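Please build the complete structure, drawing on both the sequences and the hints.
Chains as they are written, first to last, in this note's numbering: chain A, 141 to 450; chain B, 582 to 852.
Rather than coming from a laboratory, the hints here were simulated on the basis of the structure. Just so you know, these numbers come straight off a predicted model, no measurement behind them. Backbone N, C-alpha and C fix where the C-beta goes; we use that ideal spot for every residue, glycine too. You can take every hint at face value.
Okay, the calculated bits of chain B under chain A, using three or more residues with CB under 8 Å as the criterion:
1) 650-658
2) 758-764
3) 778-791
Stretches of chain A that chain B covers, calculated by requiring three or more beta carbons in the stretch to come under 8 Å of a beta carbon on chain B:
4) 279-288
5) 295-309
6) 400-406
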Amino acid sequence: MQPPTPEAIHEPDAAGPAGEVASSGGSPLPELPQREPSARHGRAASVRRRSARRAPVGFVPLAAVGLAFLALPLAGLVVRTPWRQLPTDLAAPGVLTALRLSLVCSLTAVAVSCVIGVPLAWLLARVPFRGRSVARALVILPMVLPPVVGGVALLLAFGRHGLIGQWLDRAFGITLPFSTAGAVMAETFVAMPFLVITVEAGLRSLGQRYEDAAATLGAGRWTTFRRVTLPLIAPALGAGAALCWARALGEFGATITFAGNLPGRTQTMPLAVYVALQNNSGAAMSLSLVMLVVSLAVLVALRGHWFRSR
Amino acid sequence: MKRKPLTVTAVATLLLAAMLVVLAGCGSSSSNSTSSSTTLTVFAAASLNKVFPQIASAFEQSNPGVAFAFNFAGTDTLTTQIEQGAPADVFAGASAKYGDELSGKGLIDEPRIFATNRLVLIVPAANPAHITSLQDLTKPRVKLVVGDATVPIGAYTRKALRNLDALYGPGYSAKIARNVVSEALDVTSILTSVSLGEADAGFVYVTDARSASGKVRSIDLPPQAQAVASYPIAVVDGAGNAAVGQEFTSFVMGAKAQAILRAAGFGPPPK
Chain A
141 MQPPTPEAIH
151 EPDAAGPAGE
161 VASSGGSPLP
171 ELPQREPSAR
181 HGRAASVRRR
191 SARRAPVGFV
201 PLAAVGLAFL
211 ALPLAGLVVR
221 TPWRQLPTDL
231 AAPGVLTALR
241 LSLVCSLTAV
251 AVSCVIGVPL
261 AWLLARVPFR
271 GRSVARALVI
281 LPMVLPPVVG
291 GVALLLAFGR
301 HGLIGQWLDR
311 AFGITLPFST
321 AGAVMAETFV
331 AMPFLVITVE
341 AGLRSLGQRY
351 EDAAATLGAG
361 RWTTFRRVTL
371 PLIAPALGAG
381 AALCWARALG
391 EFGATITFAG
401 NLPGRTQTMP
411 LAVYVALQNN
421 SGAAMSLSLV
431 MLVVSLAVLV
441 ALRGHWFRSR
Chain B
582 MKRKPLTVTA
592 VATLLLAAML
602 VVLAGCGSSS
612 SNSTSSSTTL
622 TVFAAASLNK
632 VFPQIASAFE
642 QSNPGVAFAF
652 NFAGTDTLTT
662 QIEQGAPADV
672 FAGASAKYGD
682 ELSGKGLIDE
692 PRIFATNRLV
702 LIVPAANPAH
712 ITSLQDLTKP
722 RVKLVVGDAT
732 VPIGAYTRKA
742 LRNLDALYGP
752 GYSAKIARNV
762 VSEALDVTSI
772 LTSVSLGEAD
782 AGFVYVTDAR
792 SASGKVRSID
802 LPPQAQAVAS
812 YPIAVVDGAG
822 NAAVGQEFTS
832 FVMGAKAQAI
842 LRAAGFGPPP
852 K
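Listed below in structure tokens is the structure:
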């Protein structure tokens with residue numbers, strides 16, 4: 141028997157018997173043919189053969205309102221930005237500095253998140269240790285915590301009089317608030333949960349079969365991870381990293397509370413937009429447009445994973 | 582998958598419990614004036630966040646049925662908000678520049694200066710960087726927090742530093758600039774950073790230093806280097822409660838409110 145293709149691994153529900161697909165909508169469907177092992181053409185064919193669903197009453201106008209609500213601010217941004225001034229606005233002294241700093245800090249935050257987040261995700265997915273549900277709740281917490289509260293919490297832990305911070309200050313003379321490292325920490329704090337959650341979900345849906353098979357063939361734990369697990373969860377890792385990066389790029393509250401606001405050192409793009417807004421709203425609009433374009437780019441890159449035929 | 586719902590429930594329960602505690606606290610502390618009450622929306626500079634509630638209480642005593650909703654922020658933020666149509670009744674800023682800007686655009690009535698303020702250098706009570714004079718700010722590795730250039734406190738600080746250049750020699754403000762670690766968006770952030778001991782020093786108003794006297798130590802600026810802050814107040818054009826707003830503005834210029842301002846450390850308006 142052929143092993144399932146990588147696409148089929150990520151859609152275990154789609155690989156099940158045809159009856160499962162039919163039961164999700166509740167309405168009776170014609171019997172769908174059983175899926176073949178090489179699922180690529182079969183899936184496309186079964187999508188075409190699925191009958192069009194009628195939406196419940198009222199869903200279409202509500203959905204239209206929702207879509208308009210999300211689209212109008214973005215349309216406003218695109219339409220009202222002073223396009224002719226865009227080159228001059230973007231060439232202003234602080235802008236490129238803020239952009240470069242934002243990219244450096246957010247990419248560093250993603251790197252740190254990968255290094256400590258992937259092992260965390262692996263443990264959450266694979267090892268039923270005591271307190272795992274508490275650990276998972278802790279991981280989710282920064283996602284629901286208001287960012288400014290996150291900044292205050294970081295100060296209380298890593299500030300000069302913080303739990304760890306006072307030891308770092310006294311023993312090594314390291315102070316983290318008001319530094320670029322502090323900005324990276326603030327961004328990592330709010331963005332890492334996205335990576336951990338996405339990778340954990342990917343690991344869970346992957347199942348342990350391949351890792352077990354590798355173990356029976358004599359592969360050590362690191363070899364198994366490096367050559368079997370990692371390639372298989374690469375899409376989930378990529379999506380998690382992209383979400384993590386987008387979140388880190390947009391962080392404002394925790395950054396300004398913990399790291400402060402200094403051009404060239406801690407003034408990232410969101411802070412620069414806020415400051416520009418008080419002074420020269422044209423520049424603020426141009427900067428906002430740049431961030432919108434960056435966010436769109438992330439979404440386009442994510443479309444393979446996030447929007448795959450759900 | 583039995584354990585997963587338990588985690589989500591636990592997080593949700595924790596959240597709800599926390600929210601209820603906070604709401605209960607808020608509910609008990611705020612005055613519950615209902616029915617015939619007017620709520621006056623006042624956009625006030627961050628440095629007024631201790632003194633304006635006191636003035637509001639005094640106003641409420643002679644005008645029962647008026648409640649206050651304050652929005653404290655940097656004056657530049659308040660100006661942007663009013664320019665974008667935020668529903669304010671009264672504007673009280675920390676810089677005449679923003680009062681003139683708003684009245685020039687017809688967004689507020691003619692502003693009147695109701696108080697003045699001066700700058701002071703503050704250090705944490707523990708004084709980790711051992712700063713005792715303005716020259717000590719040029720020492721290496723001092724963490725100094727100033728206001729952003731668009732915020733009144735930032736503009737006044739830069740003016741004071743230029744004055745100090747004339748006093749201490751032209752390189753002074755350049756050396757200071759090397760020690761700046763953050764450009765705060767309002768004066769209360771500077772006060773907080775220094776009070777918490779995260780920053781070694783910061784320039785704030787004397788009224789802020791006075792309000793946090795236990796946690797910070799003040800170092801005065803020489804009189805010839807001082808930058809005097811002028812605070813304008815005006816009713817916002819098209820305000821929902823314009824009449825009450827006018828009464829409040831007049832009250833702020835009157836003897837009772839001026840006494841409260843004086844007690845907090847604000848200077849009198851120019852004659």
